[in-house]
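Please assemble the complex out of the two chains, which come individually in their own frames, going by the hints.
So the chains spell out like this:
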Amino acid sequence: MSNSLEIKDLNVSIGERQILKNFSLTVPKGEVHAIMGPNGTGKSTLAKALAGHEDYAVTSGSALLDGEEIIGQEPDAIARAGLFMAFQYPSEIPGVSIANFIRAALVARQPKGAPFDAKAYYAELYKKMDALKMDRKFTARSVNEGFSGGEKKRCEILQMMMLQPKYAIMDETDSGLDIDALRIVADGVNAMRGPDIGIVVITHYQRLLDYIVPDKVHVMYDGRIVHSGDKNLALELEAKGYDWVKKELAA
Amino acid sequence: MNAFPPNDTDSSIDIGEADAETAAAIDIDREKGNFSFKEDYAYDAGVGLNAGAVDYITDVKGEPDWVREFRHKALKIFESKPLPTHWGSKDLENIDFAKIRYYLAKGQKPSRTWDEVPDDVKETFERLGIPEQERKFLAGVEAQFDSESAYSRMKEELSKQGVIFVGPTEGLKEHAEVFRKYFGKVIPAADNKFAALNSAVFSGGSFIYVPKGVKVAQPLQAYFRINAENFGQFERTLIIADEGAEVTYMEGCTAPKFDTATLHSAVVELVALKGAKIQYITVQNWATNVFNLVTKRGVAEEGAEIRWIDCNIGSRLTMKYPAVVLKGEHARGEVISIALASENQTQDTGAKMIHAASHTTSNIVSKSISVGNGLASYRGQVHIPKSLSHCKNNTECDALLINTNSRTDTYPAITVRGSQNSTQHEASVSKVSAEQIFYMMQRGLSEGEAMSLAVNGFINDLVQEFPMEYSVELKRLVELEMEGSVG
Chain V
1384 MSNSLEIKDL NVSIGERQIL KNFSLTVPKG EVHAIMGPNG TGKSTLAKAL AGHEDYAVTS
1444 GSALLDGEEI IGQEPDAIAR AGLFMAFQYP SEIPGVSIAN FIRAALVARQ PKGAPFDAKA
1504 YYAELYKKMD ALKMDRKFTA RSVNEGFSGG EKKRCEILQM MMLQPKYAIM DETDSGLDID
1564 ALRIVADGVN AMRGPDIGIV VITHYQRLLD YIVPDKVHVM YDGRIVHSGD KNLALELEAK
1624 GYDWVKKELA A
Chain C
91 MNAFPPNDTD SSIDIGEADA ETAAAIDIDR EKGNFSFKED YAYDAGVGLN AGAVDYITDV
151 KGEPDWVREF RHKALKIFES KPLPTHWGSK DLENIDFAKI RYYLAKGQKP SRTWDEVPDD
211 VKETFERLGI PEQERKFLAG VEAQFDSESA YSRMKEELSK QGVIFVGPTE GLKEHAEVFR
271 KYFGKVIPAA DNKFAALNSA VFSGGSFIYV PKGVKVAQPL QAYFRINAEN FGQFERTLII
331 ADEGAEVTYM EGCTAPKFDT ATLHSAVVEL VALKGAKIQY ITVQNWATNV FNLVTKRGVA
391 EEGAEIRWID CNIGSRLTMK YPAVVLKGEH ARGEVISIAL ASENQTQDTG AKMIHAASHT
451 TSNIVSKSIS VGNGLASYRG QVHIPKSLSH CKNNTECDAL LINTNSRTDT YPAITVRGSQ
511 NSTQHEASVS KVSAEQIFYM MQRGLSEGEA MSLAVNGFIN DLVQEFPMEY SVELKRLVEL
571 EMEGSVG
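Here the protein sequences come in this chain order: V and C.
Residue numbering for the first sequence is 1384 to 1634, as defined by the numbering used here.
Residue numbering for the second sequence is 91 to 577, as defined by the numbering used here.
Chain C extracted, bound-state conformation (with noise of 0.2 Å):
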């Protein structure tokens, strides 16, 4: 993200005076999310970031010395890098370092079985509704709460296929050979200040090592779930598919809403060897008062392919811009994403294409809405330089805007040298029109349905592309934002 252009590209769309019956009384439906349990930790780094925290934290998980250096090195870069002031939002000023607690964990190993998985962490996850996913659709499933997982489970015709799905933790104890030479290596520490932060204090996250020609039909599952209030969740995950596997992640994200700020903070890194394929979908219905600043970047040798698969909703501040780097000759990038900012909530996401092969190609679609005084904005970048040649983008970002003081930016850069490269792009912005909204509560639908049924309509074809469970709760959560967003 260091590489970030400035906003010089800006194309702000800003349409006058709010709408005040609309902008009016905007809670958001989060109660499936909200609720929280009395704190009982066995592990606590205390508060605060020092050089005694990350010590504490490689103790209890009795990590290597290359472990415990990495850690080191990352803090004395988190401490020397500025924040990234000149985008997003202001509001990344609030975070108070000194406030957070960085490690929190019961001293829980990650059971194999939902029975044995403590009770209150059991309740969390059952009104989640995870165990029934896991039943009914996946391969395996995570469940991480605060800073270790809780539940770890896949099945076990993939690990005797040689899949392994584990945490980092174990993950760089049991397969070190295969995690080091991968590890920070598509995301180093020093990538920027949030990446660092994430590499000085990791805790939990997924490690997924999908052997050669291994073609995970089921989608894996990782669940972070924040649950202590000043927390900072730093997960991490690094996921191989070695030549021509393939495998689907999915993730999703809650908290519960404290009165102060939570912070969020992931390292994902994807490594798709030659001919692999990785599809990444994230849901994140994070409470409003979580920062969420991930890094997520894939490498994708000849031939392979990395989907990003991304919705935003919720959350105070979302900075996240998945990126691909395109590695090897015919290797393939896409980034589908959709946002949703709703009253002071900031969504700055995007996707970041680096052609670094020739007859590579990248593919952007993003959509955002923009509630109230929510903002809304695509950050993208496009790199494909003069020395390649073949190599084709095409980036598509539109915005719906719902009220009449909702805004949304564009930052698109796109560089594209060389003759035989080409790059397509195209923008729209559009409003829902009072006439819209007339004529559906002219056919019985009240506003909130009606809204509702307008933003589904506006982010279909993107919805169409997630799993059929997911798209399911992603129009639900679509109706919950909008119907709680009129008067």
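Chain V with its partners taken away, still in its complex shape (with noise of 0.2 Å):
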């Protein structure tokens, strides 16, 4: 499918030890999949490994873009590609205001040399900012640097929306998040969604699913996805516990 996320047979390893299994999945633009399981299963090397990053060493498999081959690209050509990952931990960036770095990202997007509306931009960030319910004055800060949980939270939400991906995926985007900040962040995924984004969120508890509806679940384990259904699935999994997995694959 050239209008998908299309994941298939990954196999990942750090260092000696495999993490993704055989790991395939395909989603297609305007859905939401939400990827649960216990800690140590490999959600967030799925999302490393598919954003490039050099210590996840993909052994083999692919994983096409609306039919480009990802994997093997640099990080920011995959970045360009379209791919966008919500980091569970996003990174510092001292002396460099978030407003400068959107807007960096987004230059880095252009034709090299080709001018940028400045004007446009301010009043598109702006927009996306009062939907989150940010104070204007919080692009002027230094990316990440001091920030809450929920603030760099926010953030990640404010990039995505600003840099508008074909894909997203969400490493953990509620944990140490309080209800409120839970409640914005589920709102700015819910206002992306549409025919032209199709977004993973991978979560620990089913929580975030009260806010972020998916269309499918899938629960993960020990490398590769084990189940897959509808949003019912993760409340069954909040009834019963990820044991209930593993004693169903132990029998």
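Derived from the structure by calculation, the hints contain no laboratory data.
Treat the hints loosely; a few may be bogus.
Stated by the list, open to error - Calculated Cβ distances over 12 Å to all of chain V for the following chain C residues:
id : residue
1  : 170
2  : 188
3  : 246
4  : 247
5  : 251
6  : 305
7  : 419
8  : 539
What the hints assert, rightly or not - Derived DSSO-like pairs (lysine-lysine); straight-line CA-CA distance at most 30 Å:
id : chain 1 : residue 1 : chain 2 : residue 2
9  : C       : 250       : V       : 1520
10 : C       : 189       : C       : 212
11 : V       : 1599      : V       : 1629
12 : C       : 565       : V       : 1495
13 : C       : 250       : C       : 166
14 : C       : 226       : V       : 1495
15 : V       : 1511      : C       : 565
16 : V       : 1502      : C       : 565
17 : V       : 1520      : C       : 263
18 : V       : 1549      : V       : 1391
19 : V       : 1502      : C       : 226
20 : C       : 226       : C       : 212
21 : C       : 226       : C       : 199
22 : V       : 1495      : C       : 521
23 : C       : 367       : C       : 250
Only a predicted model underlies this, so the values are computations on that prediction, with no experimental measurement involved.
Glycine residues also receive a C-beta, built at the ideal position from the N, C-alpha and C atoms.
Okay, structure coming up:
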């Protein structure tokens, strides 16, 4: 399918240890998929391997973004191809304001030397900030420096809204958020939902899925997907716990 | 600089093996300054340094006897003083003083219009954007090509107010009274070997006098350009701000990249009389084989303020420690310094604050960046004697390391005596982490763009201190340097 993010038989190792084992998943544009699973099953590895992190060695398999192979490409090329990753632990960039950072990211998507419409940029930025209930002063602060957990995640969502990716992977975006922040982040994601974007929400808890209702839910265990279903699977998982998955696999 | 302490406060940080990928292919884009014209000099003091070369220079310039004596005395001091080998870099020993040419000029008088400037010289400065900057935001410009100024002009209204902005040759002849009173007094020839060298063969530079109460709103700028190979540039600058006067002076420097090393050894003396303010801004982008050994010092009288804003990019070895002697009560001194050492470069820079009166304050903020095996060091001296009271110093030095084999050293010598004086010292070392770079690349920035963004972020608060036109240039220089630093 050329209008989807198609991950096929992906094997990924960190050092000697294999983390993803023949992982396959297809996320069509317009859908939101949730990936749930206990800690240490490879959820974050999936996100980082797709984004091209050098510590995550893809030993075999492929990932096609609208038909284009992204495995083996540099992280910036993958990003510009349209894959956005919302980080669980976003880095601080001292001295670089959020406004300048997003601007640099947009300029990187233009042909070299092309003029940048700063006026239109700020109009768009402020519109998105209003939607996320962000103070106008926020974008003058250095990226993630001294941010609370909630501020960091909101900053990730703002970047995602500004960069308009084709596919987004949200890596445990709900971790460390209080209920108000969770709601704001979910509102942002819901506002972005639509036919032009496919979203993968990685989460440990069902809680986030009360606010972002997924089209599909996948349960991940030991480096691959072991269960897929609709939103009710998340509720079932919440009721029975991850031990249920483990027992079922052992049987 | 002779009073500098030995390296007993070494806090070297060496973090291991080279990162081959980033260490490789560091070839800095200096294309903007990397061009030269055929040499065609009417006046040439020849190769090597001796009494004859000194006489040649003083004869060509038609200087009075006191200057000839000053030069010869300085030459003797230079010959008798050893190199300051105990700090900076051993690389100093590679300077072959016998192979350098000490004076080269086309015999031109500084023109007052760009049209009169010889074509090749004019083209040089046009390519560097100087005439354009003059039109846009400068009160006056002096453009030096090798040993002599090729262009010198100041806005007429400033001349009417009595402001003097000329080269030192014209200064010592036409304005002898005020020139002689201060020349060589802030930095005597015997201060250090390179101050002695400059005193013996100085040529070009600026002499500025701002009369009482005159505030020069726009900056005066000098531009120093080395065009010839095996050449030494020894400009001499003396700036006097009379009582209550204010002036900002900016200097820029470039040289093409030659096969052999070039020497730049300037002396800059500032005198801020009662209540005066002098701000001295440097943006230096020397080619990677220039030895840049500069002595800069200012004296601030009562209530006066001297600020050195110093940015060192490029060169093979830079040793420069702008100083302020706080001579009158309530005087203020400040050094804001940015240094970027790329592959095979040493930036040994810092600041000196000598408190010589009570109620004086000094502030030092230094940020350095080390790329690859480049070494950027902070060397500072703060001196507050026991006899004084209510003196304050604040020293902050931050270092950013780009690669795993990058290194930075800090030598903050702070001597504060007396119970009513205070000092505050903060130092930090940070590193651009692989996770930071990955994060930025995940947003679509190339590795080089990510690096330069991180570095520009690191120095961002100091860049704000530069005039806008310079801060834009500075950011661009950092970008070129950082984008060239990744494979």
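Would you mind confirming whether the straight-line C-alpha gap from residue 250(C) to residue 1520(V) stays at or under 30 Å? Cα-Cα ~47 Å, so violated.
For the pair supplied as a hint, residue 1502(V) and residue 226(C), confirm whether the alpha-carbon distance does not exceed 30 Å. Holds, at roughly 24 Å.
For residue 1599(V) and residue 1629(V), compute the direct alpha-carbon distance and say whether it is at most 30 Å. holds (21 Å)
In terms of Cβ atoms, is chain V entirely out of 12 Å range of residue 188(C)? For residue 188(C), whose nearest Cβ neighbour in chain V is about 46 Å away, the distance exceeds 12 Å, so it holds.
Holds or violated: residue 1549(V) to residue 1391(V), with C-alpha atoms at most 30 Å apart: Satisfied, since the Cα-Cα distance of roughly 19 Å is no more than 30 Å.
Please settle this one: residue 305(C) was flagged as non-interface, so is its CB more than 12 Å from every CB on chain V? holds (32 Å)
Straight-line Cα separation of residue 226(C) and residue 212(C) no greater than 30 Å? holds (18 Å)
Is the Cβ of residue 251(C) farther than 12 Å from every Cβ of chain V? holds (39 Å)
Between residue 1495(V) and residue 521(C), does the CA-CA distance stay at or below 30 Å? Holds, at about 29 Å.
Evaluate the condition: distance from the CB of residue 170(C) to the nearest CB of chain V exceeds 12 Å. With a cut-off of 12 Å, residue 170(C) remains clear of chain V, as the shortest Cβ separation is near 47 Å.
Against the 30 Å threshold, does the CA-CA distance of residue 226(C) and residue 1495(V) hold or violate the hint? holds (27 Å)
Given the hint that residue 367(C) pairs with residue 250(C), does the C-alpha gap stay at or below 30 Å? At roughly 20 Å apart (the allowed maximum being 30 Å), residue 250(C) and residue 367(C) satisfy the hint.
Taken one by one, the earlier hints fail for this structure at numbers 8, 9, 13, 17, listed in ascending order.
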